[in-house]
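Trainee: Residue numbers (the numbering used here): 37 to 123.
It is possible that part of the hints are untrue.
[To be verified] Ranges between beta-carbon positions, derived for each pair:
1) I67 / P39: 52 to 62 Å
2) S112 / Y78: 11 to 21 Å
3) V81 / D103: 16 to 26 Å
Hints were generated in silico from the structure; no laboratory data involved. A virtual CB, placed ideally from N, CA and C, is assigned to each residue, including glycine.
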Amino acid sequence: MRPKKYPYSGAIKAKKTTKEDKLELVAFPNIAIRKNLLKHIYTVVSYHSSASIIYFRIPKVFGLGYDEQKAKVNLSYEETIKILNSY
């Protein structure tokens, strides 16, 4: 068997990143939240003048209740809502 003239053609076999492979993040000054968690936001509460707290209600497996999580964001309530509404 004759060897190939061009044995390596990486462009054909290289895996291309798709939109599903990349993690899409919503960036805040101190944390980043995945975009798929935005649908689980329960409430956003103002905490002092320069911070707010985002509460998540994530459904448990088999639909047996919710797991509640919270995240503190170092932004005012208005700025936090503005960022969340842009997605």
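Trainee: Mind checking the hinted window 11 to 21 Å against the Cβ distance between S112 and Y78?
Mentor: Since S112 and Y78 have Cβ atoms about 20 Å apart, the given range 11 to 21 Å holds.
Trainee: Between the beta carbons of V81 and D103, is the distance compatible with 16 to 26 Å?
Mentor: Cβ of V81 to Cβ of D103: about 18 Å, so the range 16 to 26 Å holds.
Trainee: Given the hint of 52 to 62 Å, is the C-beta distance from I67 to P39 inside that range or not?
Mentor: Holds - the Cβ-Cβ distance for I67 and P39, about 54 Å, lies within 52 to 62 Å.
Checked against the numbered hints given earlier, the structure satisfies every one of them.
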